[in-house]
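Chemist: These protein sequence lines map, in sequence, to chains D and F. With the first sequence counted from 1, adding 93 to any position gets you the numbering used here. With the second sequence counted from 1, adding 40 to any position gets you the numbering used here.
The set of hints was computed from the structure by calculation and includes no laboratory data. Glycine included, each C-beta is placed from N, C-alpha and C at the ideal position. Possibly wrong hints are sitting among the right ones.
[To be verified] Calculated pairs, BS3-like style, for lysine-lysine (alpha carbon to alpha carbon, straight line, at most 25 Å):
1. D/K293 <-> F/K53
2. D/K426 <-> F/K112
3. F/K55 <-> F/K43
4. F/K112 <-> F/K53
5. D/K526 <-> D/K160
6. D/K160 <-> F/K112
7. D/K293 <-> F/K55
8. F/K85 <-> F/K53
9. F/K112 <-> F/K52
10. D/K293 <-> D/K305
11. D/K700 <-> D/K527
12. F/K85 <-> F/K55
13. F/K112 <-> D/K293
14. F/K112 <-> F/K85
15. F/K85 <-> D/K426
16. D/K221 <-> D/K305
17. D/K426 <-> F/K43
18. D/K584 <-> D/K661
19. D/K526 <-> D/K461
20. D/K461 <-> D/K426
21. F/K53 <-> F/K43
22. F/K52 <-> D/K426
23. D/K122 <-> D/K160
24. F/K112 <-> F/K43
[Claimed, not checked] Listing some non-contacts, in silico: residues in chain F with all C-beta distances to chain D over 12 Å:
25. E42
26. K43
27. T44
28. L45
29. R46
30. P47
31. F48
32. K52
33. I54
34. V114
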Amino acid sequence: MNSQVVALVGSPNSGKTTLFNWLTNRKYKTVNYPGATVDYAVAHIAPQWGSDIEIIDTPGIYSLSPKSEDEEVTYRVLFHSASWGSIQTVVVVVDGTQMARHLTLVSQLLACGFKVVVALTMSDLIRKAGQEIDVQLLSRELACPVVLIDGLLGGGVQDLVKTIDTSIKSFAQIESQSESVPAIKPFFEDQQSHFEFLQKMEALSARVLIDKTLAKDKNQTLLQRTRQVDRWALHPILGLGFFILIMSFLFTAIFFIASPFMDAIDSLFLVLAAAVVSVGTEGSLLSDFVGNGIVSSFGAVLVFVPQIFILFLLLGFLESTGYLARAATLIDKPFSHFGLSGRSFVPIMSGFACAVPAIMATRNISSKRDRFITMMVIPLMTCSARLPVYSLLLAFLLRGRPAWQAGVSLALLYVGGLFVGALVAQFLHRFVKKGKNSFFMMELPLYRRPRLSVVLDSAWTKTLGYVKRAGPPIFIFALLVWVGTTFPNYKADNEQVKLETSYAGQLGRTIEPVFTPMGVDWRVGVSLISAFAAREVFASSLAVIFNVTAEDDTSLQAGLLDSMREAKDARGAPIFTTGSVIGLLIFVMVALQCTSTTAMVIRETGKVSWALIQLIAFNLLAYIMAVGAFRLWS
Amino acid sequence: MEKTLRPFSNGKKIKLDQIIGDSDTVERLIDMGFHPGIEIEVINKMVNGGPYILRIQSGFIALREEEVACLKVVGL
Ligand SMILES: Nc1nc2c(ncn2[C@@H]2O[C@H](COP(=O)(O)OP(=O)(O)OP(=O)(O)O)[C@@H](O)[C@H]2O)c(=O)[nH]1
Ligand SMILES: [Mg+2]
Numbered sequence: 094m095n096s097q098v099v100a101l102v103g104s105p106n107s108g109k110t111t112l113f114n115w116l117t118n119r120k121y122k123t124v125n126y127p128g129a130t131v132d133y134a135v136a137h138i139a140p141q142w143g144s145d146i147e148i149i150d151t152p153g154i155y156s157l158s159p160k161s162e163d164e165e166v167t168y169r170v171l172f173h174s175a176s177w178g179s180i181q182t183v184v185v186v187v188d189g190t191q192m193a194r195h196l197t198l199v200s201q202l203l204a205c206g207f208k209v210v211v212a213l214t215m216s217d218l219i220r221k222a223g224q225e226i227d228v229q230l231l232s233r234e235l236a237c238p239v240v241l242i243d244g245l246l247g248g249g250v251q252d253l254v255k256t257i258d259t260s261i262k263s264f265a266q267i268e269s270q271s272e273s274v275p276a277i278k279p280f281f282e283d284q285q286s287h288f289e290f291l292q293k294m295e296a297l298s299a300r301v302l303i304d305k306t307l308a309k310d311k312n313q314t315l316l317q318r319t320r321q322v323d324r325w326a327l328h329p330i331l332g333l334g335f336f337i338l339i340m341s342f343l344f345t346a347i348f349f350i351a352s353p354f355m356d357a358i359d360s361l362f363l364v365l366a367a368a369v370v371s372v373g374t375e376g377s378l379l380s381d382f383v384g385n386g387i388v389s390s391f392g393a394v395l396v397f398v399p400q401i402f403i404l405f406l407l408l409g410f411l412e413s414t415g416y417l418a419r420a421a422t423l424i425d426k427p428f429s430h431f432g433l434s435g436r437s438f439v440p441i442m443s444g445f446a447c448a449v450p451a452i453m454a455t456r457n458i459s460s461k462r463d464r465f466i467t468m469m470v471i472p473l474m475t476c477s478a479r480l481p482v483y484s485l486l487l488a489f490l491l492r493g494r495p496a497w498q499a500g501v502s503l504a505l506l507y508v509g510g511l512f513v514g515a516l517v518a519q520f521l522h523r524f525v526k527k528g529k530n531s532f533f534m535m536e537l538p539l540y541r542r543p544r545l546s547v548v549l550d551s552a553w554t555k556t557l558g559y560v561k562r563a564g565p566p567i568f569i570f571a572l573l574v575w576v577g578t579t580f581p582n583y584k585a586d587n588e589q590v591k592l593e594t595s596y597a598g599q600l601g602r603t604i605e606p607v608f609t610p611m612g613v614d615w616r617v618g619v620s621l622i623s624a625f626a627a628r629e630v631f632a633s634s635l636a637v638i639f640n641v642t643a644e645d646d647t648s649l650q651a652g653l654l655d656s657m658r659e660a661k662d663a664r665g666a667p668i669f670t671t672g673s674v675i676g677l678l679i680f681v682m683v684a685l686q687c688t689s690t691t692a693m694v695i696r697e698t699g700k701v702s703w704a705l706i707q708l709i710a711f712n713l714l715a716y717i718m719a720v721g722a723f724r725l726w727s
Numbered sequence: 041m042e043k044t045l046r047p048f049s050n051g052k053k054i055k056l057d058q059i060i061g062d063s064d065t066v067e068r069l070i071d072m073g074f075h076p077g078i079e080i081e082v083i084n085k086m087v088n089g090g091p092y093i094l095r096i097q098s099g100f101i102a103l104r105e106e107e108v109a110c111l112k113v114v115g116l
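Build out the structure end to end from the sequences listed, making use of the hints.
Modeler: Here is the structure:
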C-alpha cells in the first residue's frame with residue numbers, strides 16, 4: 094500500500110518550502126517573496142523523522158478560490174486526486190507573524206473535511222520581537238493541533254511529524270471505509286458572515302499573542318526594521334533611484350568580483366592542457382582529441398563559471414532579503430506601459446539566471462494577458478548561458494583596454510536585452526487584445542537578514558546544476574566538431590588544408606552564404622548553429638574549430654583570442670573585426686537558441702503556435718540586427 | 041460621507057467602512073485580510089499613480105490605485 098500523503102498548504106511566503114526541505118532533506122528554492130513556488134513537489138519524508146509519509150509542497154494560496162495559475166495547482170492538488178490518491182491530511186502552514194490575516198484558511202480547510210494540522214512558522218521572529226504564543230489556546234479555539242516551527246533551525250519539526258502521525262491514525266479509525274475526496278463547500282453564506290469570521294480570527298490571534306515588551310502597539314517591535322528600511326527603499330521618488338542603483342551594481346559586480354577567480358581557473362586549464370600535450374606522442378589523434386577537443390572546449394566555458402556563481406549568489410542575496418516584492422511595487426507603474434505588471438518583475442529577473450524556470454514563474458501573474466507578454470519577452474533577458482559567450486567576445490573586442498570597459502559593456506548588453514524586450518512587449522501590448530482586469534496586490538514580506546551559509550549553499554547547488562546541464566552538450570559537440578574538423582584528411586601536413594577539406598569544412602561551405610552578410614565565415618556559422626544545443630557551446634565550438642593549442646600562450650583564453658585574431662576568411666580578410674564581433678554579440682543577445690525554452694513556452698501557453706512564432710521571430714530579428722550592426726561598423 | 045484613501049497622507053490611520061468594486065478584486069482584498077472595521081495605515085504612495093503601501097495588522101500590502109479605490113472609508 095502507498096504511504097499516506099500529506100500536503101503543505103498555506104498563504105504565500107509562509108514558509109512551506111522551508112518546512113518541506115526540513116521534512117524531506119531537499120533543497121528546493123526558498124525566497125522571501127510571495128509566489129516563489131509555482132508547482133507542486135512530492136517527496137518521501139526523510140528517514141531521520143521516523144515516519145512513513147509522502148509530503149507535497151504546494152504554491153501559496155490566499156483562499157480556496159484560485160485567481161492565478163499557481164493557485165490552481167494547489168487547488169488541483171487538494172481536490173482532484175492524482176496519482177498519489179486523494180489527500181486527507183493537510184498541514185496548514187501559517188506565518189506566525191501574520192496570524193491575524195491568515196488563520197481563515199485553517200477554518201476553510203477544516204470545513205472542507207480535511208484533517209488539519211497547523212504549523213505556525215517564524216516562531217523565531219515572534220520570540221525575537223518579545224512575544225509568545227499560547228499554543229494550547231489557539232489549538233482549542235481552532236479545533237485542531239498546532240505546532241510551532243522555527244524554519245531557520247528546524248525547531249519543532251519532530252513534534253510536527255508526531256502530530257501528523259497521530260492525526261492520520263485517528264482519521265483512519267473514524268473513516269476507514271470512505272476514500273472520498275473532501276467536498277468543496279462554499280464556506281461563507283454571505284459576505285457579512287465572512288467579515289464577522291475575519292474579525293473573530295483577528296480577536297483570536299490577539300488573544301493568543303502574549304506580548305512581553307509593554308509596547309502600546311503589539312506589532313511595533315516586529316515591524317520596526319521593515320518600516321525603517323522601507324522609508325528609503327519605497328521612497329516615492331528616491332525608491333526608483335535605489336532600485337536602478339541596486340540593479341546596476343548587481344550586473345557590473347558579476348564582472349569585477351569574478352575576474353580573479355576566472356584567471357585562476359584559466360591557469361588551471363593551461364596546466365591541464367600542457368600535461369595532456371606532454372603525455373601524448375606528437376601528432377597522435379588521441380592526444381589531439383583530448384587536448385584540442387575536450388580540454389579546450391571545456392576550458393572555454395568553465396572559465397566563466399565564477400561569473401555564473403557570482404550571479405546566482407547576488408540574486409540569492411537579493412531574493413532572501415525581501416526586496417524583490419518592493420522592486421515589483423516600484424516597477425509596477427512603469428511596466429504597465431509595456432503591458433506588463435509588477436508581478437512580471439520576478440519572472441523577468443529570474444530570466445537573468447535561466448529562462449526555463451522563469452517562464453514557469455509567470456504562473457504567479459493573475460492576468461492571462463500580462464502573463465503571456467511576460468513569457469514572450471523572458472527569453473530576451475541575458476541568461477547565464479549567454480554570459481560565457483558575451484565574456485569571450487568582449488574579451489576579444491576590448492583586449493588591452495582598461496577592465497572597467499568590459500564591465501560596462503557587459504552591463505550594456507544586459508540593458509540591450511531589456512531594451513529589445515521592452516520593444517517586443519510594447520508591440521504585443523498594442524496588438525494583443527485586453528483581457529479581464531488584472532490585479533497587483535502584493536504582500537510585502539518583512540525584511541530578513543540573508544543567511545550567508547544558506548545563500549552560498551544554494552548558489553553552489555545552482556552552479557553545479559549549471560555545469561551538469563552544460564556539460565553533456567559541450568562534450569558531445571566537442572566530439573562532433575573535432576571529428577568534423579579533423580577527418581577525413583587528418584594526415585594533411587597543413588592545419589589550414591586539413592580544416593578546409595574536412596567534413597565540417599565541406600558542409601560549412603554550403604551554409605556559408607547565410608553567414609557572409611554577418612561578416613563571418615563558415616567556421617563561426619558552425620559554432621552558431623551548434624549553439625542551439627546550448628548557448629555556451631558557441632564558445633566551446635569556436636575553441637575546437639580554431640584549434641587552440643595553448644603551448645606557447647600565457648593562458649588558454651589568450652590562446653583562443655590569438656587564434657581568433659589571426660583567423661582569416663578565404664580572401665584573406667580577418668573574420669573577427671569590430672563590426673562582426675558586435676554583430677555576433679547582438680545576434681546572441683536576441684536569438685532564441687534554446688530548445689528547452691521553446692519546450693517550456695509550448696507547455697505553459699498550451700499552444701505550439703506561439704512558441705514557434707517566438708522562435709522564428711527572435712532568430713530572424715537577431716539575424717537582421719546582426720547584419721545591420723556589421724554593416725554599420727565596417 | 042464615503043471616501044477613498046486618496047486624500048489621506050502618509051502615517052494616517054483610518055477605519056475601513058466598505059469594500060465595493062469588481063467582484064474578483066473585492067474577493068481578493070477580503071482574502072488578504074481587509075474587512076469593514078479594520079484599521080488601515082497609509083505608509084506610502086508612489087508617484088505617478090503607482091501603488092499605495094498600506095498596513096493592516098502586521099502586514100504591509102501594496103495596492104494599485106484602482107484596487108485602493110475599492111476601499112471606502114468614513115471621512116471625518
Ligand atoms: N526567520 C524565519 N524565516 C523563515 C522561516 N520559515 C521560512 N522563512 C523564510 O521565509 C521566506 C519564505 O519561505 P518559503 O519556504 O520560500 O515560503 P513558501 O511558503 O514556500 O512561499 P511560496 O512558495 O512563495 O508560497 C524565506 O526567505 C525563508 O527563508 C522561519 O521559521 N523563520
Ligand atoms: Mg514555496
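Chemist: Within a Cα-Cα threshold of 25 Å, do F/K112 and D/K293 meet the stated pairing?
Modeler: Given that 25 Å is the threshold and the Cα spacing comes to 22 Å, the pair holds.
Chemist: Are the Cα atoms of F/K112 and F/K85 separated by 25 Å or less?
Modeler: At roughly 17 Å apart (the allowed maximum being 25 Å), F/K85 and F/K112 satisfy the hint.
Chemist: CA of D/K293 to CA of F/K53, is that 25 Å or under?
Modeler: holds (21 Å)
Chemist: CA of D/K584 to CA of D/K661, is that 25 Å or under?
Modeler: It holds: about 22 Å lies between the C-alpha atoms, which stays within 25 Å.
Chemist: Checking one constraint from the list: CA of F/K52 to CA of D/K426, max 25 Å. Satisfied?
Modeler: holds (24 Å)
Chemist: Holds or violated: are the alpha carbons of F/K112 and F/K53 at most 25 Å from each other?
Modeler: Between F/K112 and F/K53 the Cα gap is close to 13 Å, so the pair holds against 25 Å.
Chemist: Are all C-beta atoms of chain D more than 12 Å from that of F/R46?
Modeler: Check passes; 15 Å lies beyond 12 Å.
Chemist: Going straight from one Cα to the other, do F/K112 and F/K52 come out at no more than 25 Å?
Modeler: Given pair F/K112, F/K52 holds - Cα atoms ~15 Å apart, limit 25 Å.
Chemist: Does F/K112 sit within 25 Å of D/K426, going by the straight-line distance between their CA atoms?
Modeler: holds (23 Å)
Chemist: Just to be careful, I want the Cα atoms of F/K53 and F/K43 compared with a cutoff of 25 Å; is the pair within it?
Modeler: Measuring from Cα to Cα gives roughly 14 Å; hence the hint holds.
Chemist: Are D/K461 and D/K426 close enough, with their CA atoms no more than 25 Å apart?
Modeler: Holds - the C-alpha atoms of D/K426 and D/K461 are around 18 Å apart, at most 25 Å.
Chemist: Over 12 Å from every CB of chain D: does F/T44 meet that, or does the non-interface label fail?
Modeler: holds (16 Å)
Checked against the numbered hints above, the structure violates none of them.
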